[in-house]
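I would like the entire structure built from these sequences, with the hints used as guidance.
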Amino acid sequence: MFLALKEIRHEKLRYGLIVGMVVLVSYLVFVLSGLAYGLAQQNTQAISSWDAQKIAVTSDANDSLSQSLITKQTAQQMTLTKDEAYIGQAGVVAKAKGQPKLSAQFLGINASQFIYQKLSVTSGHKPTAANQILVDDSFKDNGYHLGDKVSLGATSGKYQIVGFTHNAKMSVAPVIYGTLGTWRTLSHVTSDFKAGGIVSTRSNFTAKNSALKTLTMNQFINKLPGYSAQNTTFTFMIAFLMVIAMVVIAVFLYILTMQKLPNYAVLRAQGIPAKVLVSTTISQALLLVVGGLIIGAALTAATVFALPAGLPMSFNLPLLAGVTGGILLTGVVGALIPVRIILHVDPVSVIGG
Amino acid sequence: MPALTLEHVNKKFGHATNEVTVLTDVNFEAEAGQVSLVIGPSGSGKSTFLTIAGGIQTPTAGEVRVENQSLDQLAGKARDAMRLNKIGFILQAYNLIPYLSVKDQFALVDRVKPQGNLTPAELAKLLDQLGIANLTNQYPGELSGGQTQRVAIARALYQNPDIILADEPTAALDSDRVKVVGQLLHDLAKQHHKAIVVVTHDLRLQEFADKTYAIMDGKMTLA
Numbered sequence: 001m002f003l004a005l006k007e008i009r010h011e012k013l014r015y016g017l018i019v020g021m022v023v024l025v026s027y028l029v030f031v032l033s034g035l036a037y038g039l040a041q042q043n044t045q046a047i048s049s050w051d052a053q054k055i056a057v058t059s060d061a062n063d064s065l066s067q068s069l070i071t072k073q074t075a076q077q078m079t080l081t082k083d084e085a086y087i088g089q090a091g092v093v094a095k096a097k098g099q100p101k102l103s104a105q106f107l108g109i110n111a112s113q114f115i116y117q118k119l120s121v122t123s124g125h126k127p128t129a130a131n132q133i134l135v136d137d138s139f140k141d142n143g144y145h146l147g148d149k150v151s152l153g154a155t156s157g158k159y160q161i162v163g164f165t166h167n168a169k170m171s172v173a174p175v176i177y178g179t180l181g182t183w184r185t186l187s188h189v190t191s192d193f194k195a196g197g198i199v200s201t202r203s204n205f206t207a208k209n210s211a212l213k214t215l216t217m218n219q220f221i222n223k224l225p226g227y228s229a230q231n232t233t234f235t236f237m238i239a240f241l242m243v244i245a246m247v248v249i250a251v252f253l254y255i256l257t258m259q260k261l262p263n264y265a266v267l268r269a270q271g272i273p274a275k276v277l278v279s280t281t282i283s284q285a286l287l288l289v290v291g292g293l294i295i296g297a298a299l300t301a302a303t304v305f306a307l308p309a310g311l312p313m314s315f316n317l318p319l320l321a322g323v324t325g326g327i328l329l330t331g332v333v334g335a336l337i338p339v340r341i342i343l344h345v346d347p348v349s350v351i352g353g
Numbered sequence: 001m002p003a004l005t006l007e008h009v010n011k012k013f014g015h016a017t018n019e020v021t022v023l024t025d026v027n028f029e030a031e032a033g034q035v036s037l038v039i040g041p042s043g044s045g046k047s048t049f050l051t052i053a054g055g056i057q058t059p060t061a062g063e064v065r066v067e068n069q070s071l072d073q074l075a076g077k078a079r080d081a082m083r084l085n086k087i088g089f090i091l092q093a094y095n096l097i098p099y100l101s102v103k104d105q106f107a108l109v110d111r112v113k114p115q116g117n118l119t120p121a122e123l124a125k126l127l128d129q130l131g132i133a134n135l136t137n138q139y140p141g142e143l144s145g146g147q148t149q150r151v152a153i154a155r156a157l158y159q160n161p162d163i164i165l166a167d168e169p170t171a172a173l174d175s176d177r178v179k180v181v182g183q184l185l186h187d188l189a190k191q192h193h194k195a196i197v198v199v200t201h202d203l204r205l206q207e208f209a210d211k212t213y214a215i216m217d218g219k220m221t222l223a
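Same order as they appear, the protein sequences are chains A and B.
Under our numbering, read the first sequence as residues 1 to 353, first letter to last.
Under our numbering, read the second sequence as residues 1 to 223, first letter to last.
No wet-lab data here; the hints were simulated from the structure.
Hints may be right or wrong, so weigh each one.
Straight-line alpha carbon distances no greater than 25 Å define the calculated DSS-like cross-link-like pairs of lysine-lysine that follow [said to hold, decoys possible]:
1) B/K103 to A/K12
2) A/K97 to A/K149
3) B/K86 to A/K275
Residues of chain A placed beyond 12 Å of chain B at every Cβ, according to the derived structure [said to hold, decoys possible]:
4) Q42
5) D63
6) Q73
7) K208
8) G226
9) V251
10) R268
11) I295
12) P308
13) P347
Rough simulated footprint, nothing fancy, chain A against chain B, three-plus residues with beta-carbon under 8 Å [claimed, not checked]:
14) 48-62
15) 96-108
These numbers were taken from a predicted model, which means no experiment stands behind them.
Cβ coordinates follow ideal geometry from the N, Cα and C atoms, glycine included.
Written out as structure tokens, the structure reads:
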């Protein structure tokens, strides 16, 4: 560590450039991971807030809640516990006088069941009548207020915003919570249909009805339109970026070590053990990479504050830890590649003939 | 018992038609308390002799003993430890670490060999003798050739080795400094009982030597 620190302090420009490169790489990876995770979150925020384990939809709905219609007859054959709740989903365009149009996902729920009971309200209250709705905070960000009368889709009715809720998004659209009756109206279905699906917080829940198909929430989320394709794209982008970053950082550290071989030859001639040189090389690589990661993380944090609120950026600790660990590993690998050369550096090369 | 012994040492490089013999049947002894000078022109095999004597290279044939310990019997780590503890190198190209200040060159030795080095008072006296006491915060790149060489000498002496192997230690020094360095090496040998081996083509050092060897085309003779 002594040699590593002394060299960094003396060669500020050279090591500053390397740290700068690690900063840029880590910044890029952090921001891209944040955007990818943020976008993924916006697909599933509302679903995650229910803490549900299973969902049952009709077998012919292709695992899509918005395409699923459970008849009253089927519903009567089911016995729901306090851990289950009916739900219906419909894509709508919300519009209030003097406010912008917003594409949203309407979720019809039953006030006596767990989804309604779990809803957290940031202002106002939960809907208590058929013409009342609870909407995501992003409506507020777009100028909507409590008490606004909102038209939904092509229906003639008006619905009053009685409350706002936080982080309620589904398929990257804000969620509007209302009654199952309103859902039926928006879906243009008769009262012969009870709901779109049944959500359960029990991991052992299975809808024992041939008309229904039970999915885990992960299976359901992966079937959300565009979710898998979008996540796969981001995962590949980040993976390629990580691999390229790893190669670039490793090459830089390798070149750096090769440039130091004459000095190492001197130290070997003086009897400095090879393990001291190897530990110096590795500790120096770690110092540079850790320094770069810290600055990269600070820049990312600054970026989060500077970005507009609507931009989907969110961070997940295991993901960040994985990315950070990957870049750290890169540094160690880059420093380890020339270890064999360090171990065999020839002190004779520094003694003239 | 000699501090350093080379017996029938041969060194060849290359194979078959490319084979070059650099040292031929070299016999050499350096005693504690003496300065041994090895004089020869460039390409005579001086540096190869020095690297073999210091355990950096192995001879093709023959034996090298440091305080009666054959270097053949020492593995890599033991040889490193022997070099760190017993032998100080003063290298021709000065070979200081460019990113360490003068005082840090000594601090590095303290880190890998915490005991047996010169005391701060002894180091201060040595730096004063060499005229570099005011350069401790300088980096090698900020020193003149002569100053660098004197720092390299101090660096080699700092670890207080029993044997000092010096490769052209006065190459960049004026006559006054040659006398200072020659006298310093002589005093180290006499007062501190060190075995000093100097390979050089600088005849000005002869007056400080107890023994002088001549080396020519890889063959060594006692002058």
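Tell me the numbers of any earlier hints that the structure contravenes, in ascending order. Per hint list: 10, 13 violated.
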